[in-house]
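Novice: Given next are the chains, with one letter for each unit.
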Amino acid sequence: MTTAADDFLDLSDIQGIVVKAYSRFGFPVARYVLFRIDLPAHGRKFVVGITPMITTGVRWTDPASIPSAATNIAFTYKGLKHLDVLDASLHGFSDEFSMGMKARRDIVGDTGPNHPRHWDPVWHNESETGQHVHILVTIDGKGETEVEARYRQILALLVECPGVVQLSGQRGGGSDDLPYQPAAAIPPKPEEAGFPGGKEHFGYSDGISTTFFKGCGADPMEVIGEDKPVKGDPRTLEGWAPVAAGELIFGYPDEAFEYPEAPGPPLFSRNGTYLVYRKLHENTGSFESYLEAEGARFPGGKEALAAKFAGRWRNGAPLATFPTQESADRYIAELSALQLKVWAGQASPAEQARYQELALQLVALDYGDDKDGARCPFGAHTRRVNPRSALRFGNKKAFADDPGALSNRRRVLRRGLPYGRSETPARDDGDHGIVIMIVNADLSRQFEFVQQQWITFGNDFKLANDQDPLPGNHGTSKNCRAGGRMII
Amino acid sequence: MANQSGNAYALALLCPVRAGAPPAGFDGQCQESYAAHLRYVLQSVRVSGDSPMARVPNTYLSRFFLLDDVFYQGSPALEEHLKSSYLVFCCNFHGELEPYLTGMWKTIESEVRLILNHCVGFSDQTVRDAAAFIAYIKKCEIKTTFYFNGSTDQPLAEQLKGLYLKQEFSKFAFENQGRSAREIQEAFGEFIKGTEPENTARPAWKPGVYDLDKVVAK
Amino acid sequence: MSNIAGKAYAMNVITPLKWLTTLRTRLIFWGAGKLPSTTLGLVTLSLIHYARWVILRPKDFPHLGPEQPKEDLQYCYMLFFSNFNGSWDQYVDSFSSTIPTGLDSFWYKNIKYTNSIPMLPFHRYITWNQIWTDNYYNAYPMASTNDVKSAQKVRQNLIDFARSTANATPDDFQRQYNKLLLSLQHDLSQMGLNPVVSLSASAVDRRLGKERRGVS
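These protein sequences, in sequence, are chains A, B and C. FYI, the numbering for the first sequence is -18 to 469, going by this note's numbering. FYI, the numbering for the second sequence is 36 to 253, going by this note's numbering. FYI, the numbering for the third sequence is 5 to 220, going by this note's numbering.
The following block holds chain A by itself, in its conformation from the complex:
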């Protein structure tokens, strides 16, 4: 299925975290570790030491080729400076990257309770030395043991490089001073066992759709519903095309038929990209109590209300395709049962085919048959952050028949996992949320734009100042209730 023309990406020089959503490869556990570089020579030594452990984007063709743990690395601007990267190269980075996310807080809406002063302590104490988080190392693995082993291997490198310091100060488990950020997938409910995505703490199945880009090495069938809509039936391959690799990785042409701006020389930036790291706390108590109270008077009840927020039922079924809870439940039950059989290698050819057909329905939609938002509201989370063809508002001829004209250059890759436990979901103040990492080649046009215009504003959806009901910054009123509104 993969043609030579699709093999132009140098996957062995691109980090695995860019190309692979690790949770899809049976890696439910992760640690995110931060370091500071005090001595550039030691910093470089550390990088040399960790390089053999870095997981690349080379395709895992069979289960035996999947390692027990994956390691990836990212640097802040100051981190690169502390590695003595040449000024000429540093000056080639975008303002968004060199300033860092704290300084961009007004632009991305990190105000009020989301202000950097409320972030984990590891992000504080930066007044004297400037930004002191220099390196992020991510470890994803099959289990706690595998992750712990890799973690130890990495820390062992520090013995030889005392000029690199592991930073503590991550919040979790009642502490403000964890040496790393732990994260782990939340397994699906028993009746949804077999469903491909994990859960997050509000109870939604997450990580269902990802961005399929040219040359990423995944199964071409996965292009359906996973990236840019083109003329053609959105339920088939004819309706979709892979997004250009340059939207996500430096050194390849992007959707405007040019190379994304990146620092020189080309060897320095090629196959690299920008990664945004965000830790989002979830107020599970408020969320559940709101759903209970409002769901009681909402037709369809709390589950239907939760579905209107997300654009997907909490079990993962897309609202635009499955407008009733009954149809959504039936669909997910059948899909999950078939998935288990497929994994076990016990599916008959007929079951295989049925499984393919059902799996497609998770993502093969473009809102073309829901242009008024009768099923999935304009302001629902998934319709906002990935509007597919929705921004044509039903005017098929509007943008030279290019249904994704307003969304193709806003695509990003989402990585990361939930953290903490919500065993007491009645409370807001526990340790629970998600670590989300966003990969893109242009921080301003992609991440910041989506965060600002599509999550913390509503004009593109003709919703004035309404924000995304889930990750929007709704502020808090005097009685600490969130001030958000949404029209469903």
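Mixed in with the good hints, there may be bad ones.
[What the hints assert, rightly or not] Using C-beta positions, here's what the derived DEER-type ranges look like:
| # | chain 1 | residue 1 | chain 2 | residue 2 | range |
| --- | --- | --- | --- | --- | --- |
| 1 | B | E218 | A | E172 | 50 to 56 Å |
| 2 | A | A314 | B | K253 | 55 to 61 Å |
| 3 | C | L31 | B | L113 | 21 to 27 Å |
| 4 | C | Y112 | A | K322 | 57 to 63 Å |
| 5 | B | N211 | C | K113 | 56 to 62 Å |
| 6 | A | S46 | C | Y112 | 50 to 56 Å |
| 7 | C | S204 | A | E315 | 50 to 56 Å |
| 8 | C | A172 | A | K322 | 56 to 62 Å |
Hints were generated in silico from the structure; no laboratory data involved. Backbone N, C-alpha and C fix where the C-beta goes; we use that ideal spot for every residue, glycine too.
Assemble the complex: chain A is given as a structure, and chains B and C must be docked to it using the hints.
Specialist: Quick look at chains B and C alone, frame taken from chain A:
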């Protein structure tokens, strides 16, 4: 020519700025030019709800800037330069040109003088009344080749009344969810009495105000 | 000095073109005025309050008296003025992705025009030829063009509804009220300040003393 789209009018002016510096030099020093002083004046004109343009009836959007020169596009393009600086005034408004300019003269004559006194052919002596002002503007008007109206062409008061009602009715709909038919009907009666949808004068949004707490004219 | 007034951004672009080119460009504009389908993309994009293109021949520069030197220009100039919602980048990028051919025909053969795709040279072309606004006024800084159009609909619906339900029974009122809400379902979002679209916008806000919701 396309200065109009329905009842919306696109006015654009190029007013040549006087050459050199005003004569009133201080202690023999070189004074800033008319153009530089005009730019200072334009940047000092108040903005938002305090802008003089908020007093000019039917102004949707307007802008002032100084065009000092044209841009050279690099070889092999020709290099050429303007011989004057021009004050550019662009305005989108509801209605016909002459009534609009008459409204402007009536409401903000002193501000207009403060600005246009920097321009060739405009002075307290040459422009004494609205008719002379209109004649001057017509000499400076440049014709729009293509006008795109992506909004409405209603009178401004109707636009502002609509915005007020949109904001207030969305609160009403939100607050009255789940109430009985009789309760909603009663509340709606009060709502109509309080908001007077057919009365464009008030209550309505005030022009130019960028503050939710201050935008309503009761 | 600011190009921003609430939710609106004022763009001024001036670019040279040859006299012969203006003939073709005028024809394109004339056609666009006659054929609404030409601007369907702009209408669907719905980011513009009002925009205009002005083609100036050398003799069109106003000359008001002997004290003003006469212009001596070879090129004609195209002036583009727009009042749009969102950031500069959003506007330029949206233009370039949604109506590249329309855009290219409007700027057809302007000297050194780059075409709207690829985008980086187009960005540079616009930036190079853009003039900053010294004073910008917007009658409804808290409204986008979507909001203005939606407000007109809300007002008309309310007037009609109030008239038709003046003597309705509560049940009849409820039925019609529900219909009203359904027809206004995309028009009932609240307006407010613009998000901070750029660091210069946040600096302007600070100068104006604007407090943002949720800023602690």
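Novice: Can you give the numbers of the hints that this structure goes against, from lowest to highest?
Specialist: As far as the earlier hints go, only 1 is violated by this structure.
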